[in-house]
Amino acid sequence: MKFRLSPQTLVVLDAFLDTPQDWKYGYDISRNTGLKSGTLYPILMRLADRKLLETSWDSGEPGKPPRHLYRLTPNGTAFAREEHRLAPSNGRPGVAAWSHS
Amino acid sequence: MSILRQFAIKLLSAVVRTSPEESRDWASAMLRELDFIEGDWAALFWALGSTTVIFRYSGRQLLVRFQNQRVIKKVFMNVFQKRALGFIAGSAIALVAAIAILALIHLSADLFSLGNPERMSRTAWALIAALSEGAFIVAAIALWRKRRPMAVGILLSAIAIGAHVAIHLSTHVLR
Chain A
0 MKFRLSPQTL
10 VVLDAFLDTP
20 QDWKYGYDIS
30 RNTGLKSGTL
40 YPILMRLADR
50 KLLETSWDSG
60 EPGKPPRHLY
70 RLTPNGTAFA
80 REEHRLAPSN
90 GRPGVAAWSH
100 S
Chain B
0 MSILRQFAIK
10 LLSAVVRTSP
20 EESRDWASAM
30 LRELDFIEGD
40 WAALFWALGS
50 TTVIFRYSGR
60 QLLVRFQNQR
70 VIKKVFMNVF
80 QKRALGFIAG
90 SAIALVAAIA
100 ILALIHLSAD
110 LFSLGNPERM
120 SRTAWALIAA
130 LSEGAFIVAA
140 IALWRKRRPM
150 AVGILLSAIA
160 IGAHVAIHLS
170 THVLR
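Sequence order for the protein chains is A and B. Under numbering that gives the first Met the number 0, think of the first position of the first sequence as 0, with each following residue one higher. Under numbering that gives the first Met the number 0, think of the first position of the second sequence as 0, with each following residue one higher.
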């Protein structure tokens, strides 16, 4: 299956690609990418629906509620790398093949 | 805590409480991030954006669920319609066959000058009834696996027609 990515999705994927093994918080991604919650979370939801992103709750500091964490799955990392490679230098998104695992 | 931040927290808390199960985790995730956002206006805009996201996501989920229900309904209706049509066809076949058998009896009586068929003996009528009902049962058994509603239609109609003929003969003819 192929799907076209928005420039914002590419930005999010790039943010994850910097340190693909690390879990990231939503607000940190928002700050690093400059995307508002209304733009960022639909992208995260779509990536998670397509099993390209895994989510988790951290235990957090004692007495504080847990926070949601995000990390690319191995499929997601491969997909993001492929997208990164295909994306033309003019900033327009490329189209990469993606398949369910 | 400022009014803006309080409003942001209350808004997202309400969203978490009212959002459907599929999006509740996401709504909670957005709410938890509020604690780490510097600036009250930023927190408010974060909450407003998050609320929009959850409403859109929930709306989409509802739409998908509604469409699935419509598809299920449509499939169910198709199955139901097919069964009803099969049953009606089976009943019609049995009725036409019964009329054809009676017409044949009358025609044979006229052709071979056997007199009024209603004056036939009980044994002759019993034989005709047994043969006809037997034919219906054989047809129903043959159709049972592949066209069960039609087989049921034939069987029930055969029973009804047989009962009708038996009552008619016993009350009007074979007294």
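Everything labelled a hint here was simulated from the structure, so no lab data went into it. Owing to the predicted nature of the structure, the values given are computational and were not obtained by experimental measurement. Honestly, I wouldn't trust all of these hints.
[Unchecked claim] Keeping only pairs whose Cα atoms sit at most 30 Å apart, straight-line, the calculated DSS-like set for lysine-lysine is:
#1 A:50 with A:23
#2 B:9 with A:63
#3 A:35 with B:72
#4 A:23 with B:81
#5 B:81 with B:145
[To be verified] One side of the interface only, derived from the structure: several residues of chain B facing chain A at Cβ under 8 Å:
#6 20
#7 23
#8 25
#9 35
#10 36
#11 38
#12 45
#13 49
#14 52
#15 138
Even for Gly, the Cβ is constructed at its ideal location relative to N, Cα and C.
Using 8 Å as the Cβ threshold, decide whether residue 49 of chain B counts as touching chain A. Holds - the Cβ of residue 49 of chain B comes within 8 Å of chain A, reaching about 5 Å at its closest.
Hint check: 8 Å Cβ-Cβ cutoff, residue 35 of chain B to chain A: holds (5 Å)
Hint check: residue 23 of chain A vs residue 81 of chain B, CA-CA at most 30 Å. Holds or violated? violated (55 Å)
Does residue 36 of chain B pass the interface hint, meaning its C-beta sits closer than 8 Å to a C-beta of chain A? Since chain A brings a Cβ to about 6 Å from residue 36 of chain B, closer than 8 Å, the hint holds.
Could you check if residue 25 of chain B really has its C-beta closer than 8 Å to a C-beta on chain A? holds (6 Å)
Satisfaction of hint between residue 23 of chain A and residue 50 of chain A, Cα-Cα up to 30 Å: holds (16 Å)
Does residue 38 of chain B pass the interface hint, meaning its C-beta sits closer than 8 Å to a C-beta of chain A? violated (12 Å)
Minimum Cβ distance from residue 20 of chain B to chain A below 8 Å? Hint on residue 20 of chain B: violated, closest Cβ of chain A at ~14 Å, above 8 Å.
Checking hints one by one. Is residue 138 of chain B an interface residue toward chain A, by the C-beta closer than 8 Å rule? violated (49 Å)
Satisfaction of hint between residue 145 of chain B and residue 81 of chain B, Cα-Cα up to 30 Å: With Cα atoms ~13 Å apart, residue 81 of chain B and residue 145 of chain B stay inside 30 Å; holds.
Against chain A, is residue 45 of chain B within 8 Å by beta-carbon distance? Where the cut-off is 8 Å and the nearest Cβ of chain A is about 5 Å from residue 45 of chain B, the hint holds.
If you draw a straight line from the CA of residue 9 of chain B to the CA of residue 63 of chain A, is it 30 Å or shorter? This hinted pair holds, its Cα atoms lying about 18 Å apart.
In the structure shown, a violation is registered for the earlier hints numbered 3, 4, 6, 7, 11, 15, in ascending order.
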